[in-house]
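Q: Residue numbers (the numbering used here), protein chains in the order written: chain A, 1 to 117; chain B, 1 to 111.
Please keep in mind that the hints were generated in silico from the structure rather than gathered at the bench. This list has only true hints and no planted wrong ones.
Straight line, CA to CA, 30 angstroms or less: simulated BS3-like cross-link-like pairs of lysine-lysine:
#1 B:Lys42 <-> A:Lys105
#2 B:Lys42 <-> A:Lys51
#3 B:Lys45 <-> A:Lys27
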Amino acid sequence: NAGVMQNPRHLVRRRGQEARLRCSPMKGHSHVYWYRQLPEEGLKFMVYLQKENIIDESGMPKERFSAEFPKEGPSILRIQQVVRGDSAAYFCASSPDAAGGTNEKLFFGSGTQLSVL
Amino acid sequence: RKEVEQDPGPFNVPEGATVAFNCTYSNSASQSFFWYRQDCRKEPKLLMSVYSSGNEDGRFTAQLNRASQYISLLIRDSKLSDSATYLCVFLPGGGSYIPTFGRGTSLIVHP
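Using the sequences plus the hints, can you model the full thing?
A: See below:
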């Protein structure tokens with residue numbers, strides 16, 4: 001049973017370009033969470049999605065950032081017009097139930113390290 | 001008061017030592033608590049859940065103190081391989097089911 005798959009592992013972008021980060025949850029998991037981790041900082045929640053629905057995007061910047069989790073295919077975190085401050089590790093996690101459910105543990109992907117030049 | 005607070009450390013201990021970390025949370029409605037481990041900027045991995053009555057898994061013991069609003073992690077007989085960052089995680093409750101992470105406590109176990 002493959003774990004949570006994220007790609008690419010490393011992504012280099014110049015300022016103003018777009019970054020697209022992909023996350024395929026574990027088989028049977030329908031809940032996806034995106035977190036951002038800056039150097040020497042903790043994980044900061046960005047967005048929580050279920051298939052075709054954004055449940056909570058309270059941690060995501062209002063501009064330039066968007067996320068989706070289509071019926072088919074991986075979840076995508078999209079950052080438009082990247083700036084140097086977007087450089088960070090972006091982790092995706094999945095769970096079979098919503099957090100607070102009977103099986104709420106999160107399983108993380110290896111992350112995407114975004115570097116903005 | 002921050003939602004969750006952890007001493008970032010680092011805690012520098014010799015092999016075989018016993019070390020304990022605390023993590024305080026501000027929301028008394030919080031229901032679920034966990035400890036995760038993160039190695040060298042890799043992905044966090046679940047170490048153990050924290051139950052109200054306290055729970056043990058080998059050399060690791062987790063406890064919850066609701067009155068004082070903190071959880072703790074005790075590691076006995078530290079191994080070099082225990083060197084990592086330990087993250088406390090909780091669900092805020094009150095209708096929010098977003099797992100919230102502490103900043104992490106760095107542990108360095110030396111020979």
